[in-house]
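Participant: Please work from the sequences and hints to get the whole structure.
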Amino acid sequence: MTASTTPMIQVENLTVGYGQDIIVDDVSFEVSRGETFIILGGSGSGKSTLLKAMIGLLPPKKGRVLIDGEDIATEDEQKHLGILRKIGVMYQSGALFGSRTLLENVRLPLEEFTRLPGRAQNLVACLKLNIVDLKGYENYLPAEISGGMKKRAAIARAMALDPEILFLDEPSAGLDPVTQAELDQLVLTLSKNLGMTFVIVTHELPSIYTVADRVIMLEKESRKIIAEGRPDHLRDHSDNPRVRQFFQREADPEKV
Amino acid sequence: MPKQTASIAARTEQGNRLILELSGRLDSDSLGEVWKQAEHLLAREQPRELLIDASGVQYADGSGMAFLVDLRCRQQERAASFEITGLPEKLQKLLELYAPPDFEKPAVKEPKPPNLAEEMGRMAYAVWSDWRRSISFLGELAAALTFSALHPRQIRWKEVFLVSEKAGVNALPIIALIAFLVGLIMAFQAAIPMGQFGVEIYVADLTALSILRELGPLMTSLTLAGRSGSSFAAEIGTMKVNEEIDALLTMGLDPVRFLVTVRVIAAILVTPLLTVFADLVGILGGSIVLLSMGYPLITYVNQVMSAVTWIDFSQGLLKALVFGLIFSGIGCLRGLQTQTGPSAVGDSATRAVVTSIILIVIADGIFAVIFYYLGI
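Top line first, the protein sequences correspond to chains U and L.
Counting along the first sequence from 1, when you hit position 222 you're at 222 in our numbering, and nothing is skipped either side.
If you want our numbering, it's the position in the second sequence, counting the first as 1, plus 256.
A hint or two may mislead.
Said to hold, decoys possible - Computed footprint of chain U on chain L, listed as stretches where at least three residues anywhere in the stretch have a Cβ under 8 Å from a Cβ of chain U:
no.: 1; stretch: 280-286
no.: 2; stretch: 291-305
no.: 3; stretch: 310-320
no.: 4; stretch: 353-360
no.: 5; stretch: 590-598
Hints are computed from structural coordinates only; laboratory data are not their basis.
Source: prediction; values computed, not measured.
Even for Gly, the Cβ is constructed at its ideal location relative to N, Cα and C.
Facilitator: Now the structure itself:
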């Protein structure tokens, strides 16, 4: 591992959007190594769009995203693959391959990118499933397990090649509080024991307080970051009423 | 940064004791060879005691952990002892996180070789349930169509016309192309042998009759089955996968009445119309051959008019109507039968086309027999 001091992710003057629409306008921030970083914001504030730009699915209109010092939008195929090896992504609905069992889902990246013998791939995949508490479900199809399990399986697949950064898009959306809490614990365990960097898009307040080291909050109207810091600090001390409103779960006074 | 690799050194001691010295980076990139070597060594030596000296390990990831766990499990399976020394504390913790000491390798299901009797049973059951489903669908469709015929105001005409345009009108170019070429080629192939008897003019009779009675409706409906029947199946299949069909059901809307009748009515309307078009273009294609042989167009037209009757023409249209009913109904049925999974929609589209073609050809055969006995 390189013990360099550069931040894990640097986002510099990033502007992204679809077609003519600009969703996130000129934002900059950094994520340090081993940090659990949360992107917040109300519906339509561009959280997922920002995440897509950070993982290279959406080319930036302006600015750039550096993962471990390298531009994610690089033209160089080899370099790009190298960057992708460093990241793992859990999509909102899991995006598990429906025709493959959980084990095969997790094994797929190992088959494609490593030269481990077949038995070894199976074992690595089993351990990853074990770590997300899905031992015994290796031979299940995604359609046969619950929503929370799908998300955990998706995390296991994202971790197959031991990335340094895990991006989670709304990991706790649509889950019951107990499962949410379990998922939070999983994130904490992975972050503490494996030293992984997490970038999480969410708006579940309990999760935010449990796992976040630092949060940024996006706003729909200004298309910018309106707050940055520790969540409890923002809740109590932010001078922006919108931020306090978010953390205190109040309805918009203009709409009440 | 120089790419470091994993390395392994083995030593055997008295009393069937194997010592493996691991060093370097144990990660998914570097482990491939080392893992195979270790497997090989263990299989050959069958050590009663295995000691892993991991003091040279600088880094290990999940795959590295899996490697250690694999060695441990192999020893446990043979009730032999296993020990690790010198593993850095951080990695030790990691190992416990990945695989606590009581971790057992789960059984990975290997695909079973197919059993002939079991497979036959499965197939028979699949055919049987498909028949049952098809028959009940036929009943539902008949009921829904009867209802629509009795209450034409309740048909969603706007949607019918939309489907007619997408599934029918937009198919005009391809149907024209196929009909024209088939008419042309058939006339051309017939002109040579007929020319040997000096009766090239009868090419007109042959082309017109076969196109009106047979090829026009058949080509049109087969093309539509491939083009539009499959899209019905895919569209309804996607709705099924997205739980939109369930949404309709809970809103109290019958999917057969809501989705299927619209498409079936549209298909029944456009297939005969497109067949008329295909007939004309096909006969036009046949004329090219005779024109090129020096016959004037009027001769061709007169010959065609004397050869065919309104009965030939309306036979073709009747067939087209039934074929339209078949491909649209089957397309919708296969769509509604869509299972879950990423390949489900594709499977439905395939099944729709295959079943439609089979049924259209069978229906065509039945028509031939009926018309023969009716003497028309």
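Participant: For each hint, tell me whether it holds in the structure or not.
Facilitator: Status of the hints after comparison with the structure:
1. 280-286: holds (count 3)
2. 291-305: Per the Cβ count (3), the hint holds.
3. 310-320: holds (count 4)
4. 353-360: holds (count 4)
5. 590-598: holds (count 3)
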